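Asker: Listed here are the chains, written in short residue letters.
Protein chains: 2
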Amino acid sequence: MTHEVKSAKDDAGVTARHNARMARKKEVVDQKIAAAKRDAGVLVITCGNGKGKSSSAFGMVARALGHGMKVGIVQFIKGAIPTGEEKFFRRFPSEVSFHVMGEGYTWETQNRERDVEKAQIAWERAKELLTDASIKMVVLDELNIALKYKYLDVQKVIADLQARPAMQHVIVTGRGAPPELIDVADTVTEMQLTKHAFAAGIAAQPGVEW
Amino acid sequence: MTHEVKSAKDDAGVTARHNARMARKKEVVDQKIAAAKRDAGVLVITCGNGKGKSSSAFGMVARALGHGMKVGIVQFIKGAIPTGEEKFFRRFPSEVSFHVMGEGYTWETQNRERDVEKAQIAWERAKELLTDASIKMVVLDELNIALKYKYLDVQKVIADLQARPAMQHVIVTGRGAPPELIDVADTVTEMQLTKHAFAAGIAAQPGVEW
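Chains H and F are the protein sequences, given in the same order. Mapping to UniProt numbering: the first sequence position 151 is 151, numbers consecutive. Mapping to UniProt numbering: the second sequence position 132 is 132, numbers consecutive.
Just so you know, these hints were derived from the structure itself, not from any lab. None of these values were measured; they are calculated from a predicted model. Every residue, glycine too, gets a C-beta built ideally from N, C-alpha and C. Since no wrong hints were added, every one of them can be taken at face value.
To be clear about the criterion: a stretch of chain F counts as covered by chain H if any three or more of its residues have a C-beta under 8 Å from a C-beta of chain H, and this derived list gives those stretches:
no. : stretch
1   : 15 to 23
2   : 26 to 35
3   : 57 to 66
4   : 174 to 186
5   : 190 to 196
Go ahead and model the full structure; you've got the sequences and the hints to work with.
Answerer: Right, here's the structure in full:
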């Protein structure tokens with residue numbers, strides 16, 4: 001058997017096994033899709049220590065805008081420096097209402113009373129979005145941090161989330177999502193840190209981190 | 001001691017402890033920031049089974065556009081249905097070059113030869129972006145799947161990634177990132193599935209999933 005003939009046979013084997021595996025996979029995926037038929041506004045939580053929590057929310061904003069949906073964004077903690085996402089989404093004032101309500105990370109502000117007060121004002125703003133059925137997606141960026149430090153009462157937040165319009169999607173981001181919130185969410189992803197450029201001495205890059 | 005006085009004392013204690021903790025945290029964060037000074041184009045990988053891999057990449061695109069950067073996007077696998085992200089980012093043709101090179105997920109196409117061929121054409125398109133220093137961020141969406149099924153050679157892909165302009169950021173998404181690629185990446189997040197609305201019978205919602 002020449003090398004060439006053997007390779008051709010191997011390739012045919014790889015292709016046949018791949019095709020068989022893909023056929024089984026298609027069956028499983030098709031069954032799942034057939035079962036998942038209901039439309040509903042979903043509550044998505046992105047948490048964990050890894051990079052990607054807020055950026056995932058802003059990617060969903062881009063998707064929603066592509067589908068002609070109106071979006072509301074409240075940033076609970078960020079706000080000390082103007083971010084790329086803020087600059088960009090403010091270009092579309094009739095499609096996106098963007099509210100920067102924070103003054104930086106809480107370890108920067110060093111003032112708990114002020115953090116609590118700011119979080120409560122931010123929640124009032126969020127509630128305006130959560131009672132407006134014309135807004136199809138609401139991003140509550142870093143809300144988890146405000147809940148973790150008990151700047152807001154988690155039961156009140158959950159009650160307001162559950163009273164929202166039926167087809168409105170809500171994305172909540174940040175480390176330290178409380179278990180009560182995870183319980184009532186539809187989709188939850190924990191962003192696990194495998195590695196971060198920060199540890200290798202690379203500064204937070206515009207476009208990537210802010 | 002009245003209840004009111006006790007509460008006030010407790011509150012003062014909570015605030016004092018919180019402030020002390022935040023002061024320590026600020027010290028640690030400040031030290032890390034002082035150490036991370038270098039600017040560089042970073043290679044970011046988002047992988048794992050959870051929701052948020054591609055959406056995180058599209059959020060970084062929004063950030064980059066906010067900073068006035070030009071962005072290139074190649075979608076390796078998706079392409080069977082028009083997505084929200086495609087519709088949205090195609091609004092900005094002078095800022096975003098958007099290339100949909102796939103024909104759907106591989107278990108949908110059921111044709112390995114064709115998948116390999118499409119992936120190789122897509123990589124040629126990616127290489128055009130990876131050799132253009134005016135493009136400040138390149139998204140290679142679902143590239144990990146093409147690597148996992150060996151539609152592309154991982155060593156060739158790594159060589160081309162490492163030859164890119166020094167300040168260009170690259171975001172690679174998809175399940176099954178090969179260990180060789182993780183080794184050379186700067187920032188890697190594994191999106192861990194805690195729960196997904198799909199399992200509760202909710203169909204993939206526009207804006208959220210596509």
